[in-house]
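2 protein chains.
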Amino acid sequence: MTQEQALEKLNALEKKKAAYAHAMGLISYDAVTGAPLGGAACRGETLAVLSQEEYRLKAGPETQELLAFLAGCGQALPPQAARRVEILRQELDETRCIPPEEYAAYQKLLNDAEAVWHEAKGKSDFDSFAPYLKKIIDTQIRFAAYSAADKDPYEYYLDRYEPGMDAKALDAFFSALRERLVPLLQRVQAAKQVDASFLTGDFPLEKQRALAQELMDVLRIDRAHCAIGETEHPFTTDFSKFDVRITTHYYRQNLFPALFSVVHEGGHALYELNTADEYAYTCLGTGVSMGVHESQSRFYENLIGRSRGFIAFLTPRLQALFPQLSDVSQQALYRAVNRCEASLIRIEADELTYCLHVMVRYELEKKLFARQMAVEELPQAWNALYREYLGVVPSCDREGVFQDSHWAGGSFGYFPSYALGSAYGAQMMHCMKKSVDVDACAAAGDLAPVNRWLCENIWRHGKRYRPDELLARVFGGPFDPAYYLAYLEKKYTEIYEL
Amino acid sequence: MTQEQALEKLNALEKKKAAYAHAMGLISYDAVTGAPLGGAACRGETLAVLSQEEYRLKAGPETQELLAFLAGCGQALPPQAARRVEILRQELDETRCIPPEEYAAYQKLLNDAEAVWHEAKGKSDFDSFAPYLKKIIDTQIRFAAYSAADKDPYEYYLDRYEPGMDAKALDAFFSALRERLVPLLQRVQAAKQVDASFLTGDFPLEKQRALAQELMDVLRIDRAHCAIGETEHPFTTDFSKFDVRITTHYYRQNLFPALFSVVHEGGHALYELNTADEYAYTCLGTGVSMGVHESQSRFYENLIGRSRGFIAFLTPRLQALFPQLSDVSQQALYRAVNRCEASLIRIEADELTYCLHVMVRYELEKKLFARQMAVEELPQAWNALYREYLGVVPSCDREGVFQDSHWAGGSFGYFPSYALGSAYGAQMMHCMKKSVDVDACAAAGDLAPVNRWLCENIWRHGKRYRPDELLARVFGGPFDPAYYLAYLEKKYTEIYEL
Numbered sequence: 472m473t474q475e476q477a478l479e480k481l482n483a484l485e486k487k488k489a490a491y492a493h494a495m496g497l498i499s500y501d502a503v504t505g506a507p508l509g510g511a512a513c514r515g516e517t518l519a520v521l522s523q524e525e526y527r528l529k530a531g532p533e534t535q536e537l538l539a540f541l542a543g544c545g546q547a548l549p550p551q552a553a554r555r556v557e558i559l560r561q562e563l564d565e566t567r568c569i570p571p572e573e574y575a576a577y578q579k580l581l582n583d584a585e586a587v588w589h590e591a592k593g594k595s596d597f598d599s600f601a602p603y604l605k606k607i608i609d610t611q612i613r614f615a616a617y618s619a620a621d622k623d624p625y626e627y628y629l630d631r632y633e634p635g636m637d638a639k640a641l642d643a644f645f646s647a648l649r650e651r652l653v654p655l656l657q658r659v660q661a662a663k664q665v666d667a668s669f670l671t672g673d674f675p676l677e678k679q680r681a682l683a684q685e686l687m688d689v690l691r692i693d694r695a696h697c698a699i700g701e702t703e704h705p706f707t708t709d710f711s712k713f714d715v716r717i718t719t720h721y722y723r724q725n726l727f728p729a730l731f732s733v734v735h736e737g738g739h740a741l742y743e744l745n746t747a748d749e750y751a752y753t754c755l756g757t758g759v760s761m762g763v764h765e766s767q768s769r770f771y772e773n774l775i776g777r778s779r780g781f782i783a784f785l786t787p788r789l790q791a792l793f794p795q796l797s798d799v800s801q802q803a804l805y806r807a808v809n810r811c812e813a814s815l816i817r818i819e820a821d822e823l824t825y826c827l828h829v830m831v832r833y834e835l836e837k838k839l840f841a842r843q844m845a846v847e848e849l850p851q852a853w854n855a856l857y858r859e860y861l862g863v864v865p866s867c868d869r870e871g872v873f874q875d876s877h878w879a880g881g882s883f884g885y886f887p888s889y890a891l892g893s894a895y896g897a898q899m900m901h902c903m904k905k906s907v908d909v910d911a912c913a914a915a916g917d918l919a920p921v922n923r924w925l926c927e928n929i930w931r932h933g934k935r936y937r938p939d940e941l942l943a944r945v946f947g948g949p950f951d952p953a954y955y956l957a958y959l960e961k962k963y964t965e966i967y968e969l
Numbered sequence: 472m473t474q475e476q477a478l479e480k481l482n483a484l485e486k487k488k489a490a491y492a493h494a495m496g497l498i499s500y501d502a503v504t505g506a507p508l509g510g511a512a513c514r515g516e517t518l519a520v521l522s523q524e525e526y527r528l529k530a531g532p533e534t535q536e537l538l539a540f541l542a543g544c545g546q547a548l549p550p551q552a553a554r555r556v557e558i559l560r561q562e563l564d565e566t567r568c569i570p571p572e573e574y575a576a577y578q579k580l581l582n583d584a585e586a587v588w589h590e591a592k593g594k595s596d597f598d599s600f601a602p603y604l605k606k607i608i609d610t611q612i613r614f615a616a617y618s619a620a621d622k623d624p625y626e627y628y629l630d631r632y633e634p635g636m637d638a639k640a641l642d643a644f645f646s647a648l649r650e651r652l653v654p655l656l657q658r659v660q661a662a663k664q665v666d667a668s669f670l671t672g673d674f675p676l677e678k679q680r681a682l683a684q685e686l687m688d689v690l691r692i693d694r695a696h697c698a699i700g701e702t703e704h705p706f707t708t709d710f711s712k713f714d715v716r717i718t719t720h721y722y723r724q725n726l727f728p729a730l731f732s733v734v735h736e737g738g739h740a741l742y743e744l745n746t747a748d749e750y751a752y753t754c755l756g757t758g759v760s761m762g763v764h765e766s767q768s769r770f771y772e773n774l775i776g777r778s779r780g781f782i783a784f785l786t787p788r789l790q791a792l793f794p795q796l797s798d799v800s801q802q803a804l805y806r807a808v809n810r811c812e813a814s815l816i817r818i819e820a821d822e823l824t825y826c827l828h829v830m831v832r833y834e835l836e837k838k839l840f841a842r843q844m845a846v847e848e849l850p851q852a853w854n855a856l857y858r859e860y861l862g863v864v865p866s867c868d869r870e871g872v873f874q875d876s877h878w879a880g881g882s883f884g885y886f887p888s889y890a891l892g893s894a895y896g897a898q899m900m901h902c903m904k905k906s907v908d909v910d911a912c913a914a915a916g917d918l919a920p921v922n923r924w925l926c927e928n929i930w931r932h933g934k935r936y937r938p939d940e941l942l943a944r945v946f947g948g949p950f951d952p953a954y955y956l957a958y959l960e961k962k963y964t965e966i967y968e969l
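Keeping their order, the protein sequence lines are chains A and B. One rule links them: number in the numbering used here = place in the first sequence (from 1) + 471. One rule links them: number in the numbering used here = place in the second sequence (from 1) + 471.
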């Protein structure tokens, strides 16, 4: 086999992998959009069959042989191909080190745990969920050891979601946040509160849907390759850069959850839609890490969407659609959509308190994975941290430890991405402002220059570089949360006239 | 390999086939529901990969060996297994006899032809479409010869959609229809016309959606396993008996297209939902033929949905949702939804003229496949038959020969199913009425006894018997279109007071 032949084989392999990812991704998307409730068993049968083939493509003997050959080509391999081989070999190693029967048992455990979590959440009954959570954590620690016996298991998972980021760096990051955000929050809470009464009312769904379409156009999302659906919880998924889906949830009584979720998911979508064409159907053609992905979504949601300029642009449009807002000034709307309120639910949190919610989860995950805390102690520890960071305490576990589905789904080490992404975004904004008048763009509703900058610096690269490499290129230096903290302090000092 | 082991292998094979059919079916469903327009290329890539594997499951060496072994078991095989082997071997033979490169070229031809058809239809430009249609017909005739060299090619395709039905029987069927329906239509056209002015107006979509949900409940469709979507053209599809989808299209100005399409597709859905559990994930677990499938959908749409009793049941419900109907009597509504009007478009046709539309297509398909007519002569021949049977002539080909997508998709021999299904349904009604007071059920909106009869006699059997065998069991004798003709004559004589 020549190197050229091997690269052709690699392309064919990745195209096949993309096809299975598309089919399986669509089945999951359909599960929360069009499928009848009783379709779960049929879906399970189909996913079981397709994932067998997916496993073979990831870790079968042909793939092993091909990747070993390509790895052996060394410096002769073009750098992009070398990066693909690096990513695919890592995936192969991670897949192969878990005995198939243990992997299958874990999938079943997650399936069962999700159902138990749903029911237990409804009843706020942590005792019935605890044994499942314990088993998930035990399995994750065991799997981490299979793959990297010498590595701390929590570090292992942190690295999977944000390659290059470790607990030491995250500890420093969260410490900086805690030191400056907790006192800021206390000052905000002591100040005169913002009127947000007009944010709730009657907002007909058809008009909200029309607004969502308009917002997607304002974001310059290529509608030929991105559709919007409706689900319980908003999210973004992609079947290739040519077929991206975002979803939202409309509330009749409140316009703003859907509005900001469309802008948030729109940021994710823009990233996927704008990876380089040449990376399509390869492992390079997608966002590089969860943190960088969240940096894009939270950039659009907050740094653009909740900016003074963009709210000024939106106000007359909102007033035309919803006459009850006609007496609300730009300034009043700007303050209302940025109102800070220490609350119990992460996904409803404002920009200032958001990272404190994330921090709670990070602290708890570390302790669980270090065996410094038993699963049974989790609800109490959760409530104690909410009291400490946010000054509020859940009245029941449904409003507390049960609120996110991540842990029931085995996603430990994922939460920090949300906070990292927020901070990455602020530093990107700092860099972008050297060449783009972002405030003027937002106020004019002309986001083309913003998109251009992000495409040039981030989107088009896909997974070509490791996230820390990519960020170093973008920032021209190390990641520094000071930009994020300065941004929040300036914004909330102004809004609350501190 | 023992017979028992072979049957286990057969189950595993059919489960795999069902999984691929699910994935590919969902990708096609998504294409007309949630997908962005530019997703076609990505979809094509994925379908190409999955269909390779599907081909292997249908006709690969392992399947060949397994089916040959099972066929060799002869009488020792349980009858249901023997039927599965019979169906799968036929599929294998049909798949295998076409050289893969010719099959791929034909798939490409169909892809291209569909795009050309769309564009040519818009411009009513038959000349640009004719070369594609000619190639499709040539290929179909060639493929039929590969599979059954001694059989008339059109008979070959008729038999695929309605096994056991041949052109001789269909000729007799359509002759009987023509002889009695054309004069009946002429008498109806000469009579005093029915007022249907109130059928159009303003029918808010949210209320239509609510009505669709209510209708599905009235039909006793298991909502846990059947969801409704919205598409340009209504249809039904299933990914297994546990996950069935129907679609409709709501028109703001006219309530009734969506109403009757939900009842029509509901009939298809009930059939798929109620095949026996033991046939799930096997080739027996689906409707037996297109004709029998249409018999169920047109039974619900017309024999139930457009019956005097069901309209009486519906009237107060419609009046509650749509106040503009509050002065319309049951009798006026019954007559209006059954108004007969010779029109140009099949899918908008009333019950009396519907089969005449089908007959036009049947006559033309026969001539094309017998090479008695060139493709170029098609528009003129189409218009001549419309004048003869329906007394109307299209002003352009868009309203004529272009209206259905079937031919551009290579579906020759399919149209007769629509007429056969209508006639099967009338004979089923005759049999059902021996034990069920159908009129009383319809008037009470209690369709449970109707569903029970159809489930017992038709649905649960799936593909266990050939369609002609199944119908002979249901009818207790041969299929006879006299029931259908008598039904139409009675209904329209009454409505038009002939």
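Certain hints may be false.
[Said to hold, decoys possible] When the alpha-carbon atoms are kept at most 16 Å apart in a straight line, the in silico EDC-like pairs for lysine to aspartate or glutamate are as follows:
id, chain 1, residue 1, chain 2, residue 2
1, B, K579, B, E516
2, B, K529, B, D564
3, A, K678, B, E677
4, A, K838, A, D609
5, B, K837, B, D583
6, B, K486, A, E685
7, A, K605, A, E585
8, B, K962, B, D748
9, B, K606, B, D583
10, A, K486, B, E516
11, A, K592, A, E940
12, B, K678, A, E585
[Stated by the list, open to error] Residues of chain B placed beyond 10 Å of chain A at every Cβ, according to the derived structure:
id, residue
13, T473
14, Y574
15, N582
16, T671
17, C697
18, F784
19, H877
20, G916
If you are wondering where the hints come from, they were derived from the structure by calculation, not from laboratory data. Built from N, CA and C at the ideal position, the CB exists for glycine as well.
Hint by hint, here is what the structure shows:
no.: 1; hint: K579(B) to E516(B); in the structure: holds, 13 Å
no.: 2; hint: K529(B) to D564(B); in the structure: holds, 9 Å
no.: 3; hint: K678(A) to E677(B); in the structure: holds, 13 Å
no.: 4; hint: K838(A) to D609(A); in the structure: holds, 13 Å
no.: 5; hint: K837(B) to D583(B); in the structure: violated, 24 Å
no.: 6; hint: K486(B) to E685(A); in the structure: violated, 44 Å
no.: 7; hint: K605(A) to E585(A); in the structure: holds, 14 Å
no.: 8; hint: K962(B) to D748(B); in the structure: violated, 38 Å
no.: 9; hint: K606(B) to D583(B); in the structure: holds, 11 Å
no.: 10; hint: K486(A) to E516(B); in the structure: holds, 8 Å
no.: 11; hint: K592(A) to E940(A); in the structure: violated, 40 Å
no.: 12; hint: K678(B) to E585(A); in the structure: violated, 35 Å
no.: 13; hint: T473; in the structure: holds, 25 Å
no.: 14; hint: Y574; in the structure: holds, 19 Å
no.: 15; hint: N582; in the structure: holds, 17 Å
no.: 16; hint: T671; in the structure: holds, 22 Å
no.: 17; hint: C697; in the structure: violated, 6 Å
no.: 18; hint: F784; in the structure: holds, 26 Å
no.: 19; hint: H877; in the structure: holds, 26 Å
no.: 20; hint: G916; in the structure: holds, 23 Å
Of the numbered hints stated above, those contradicted by the structure are hints 5, 6, 8, 11, 12 and 17, listed in ascending order.
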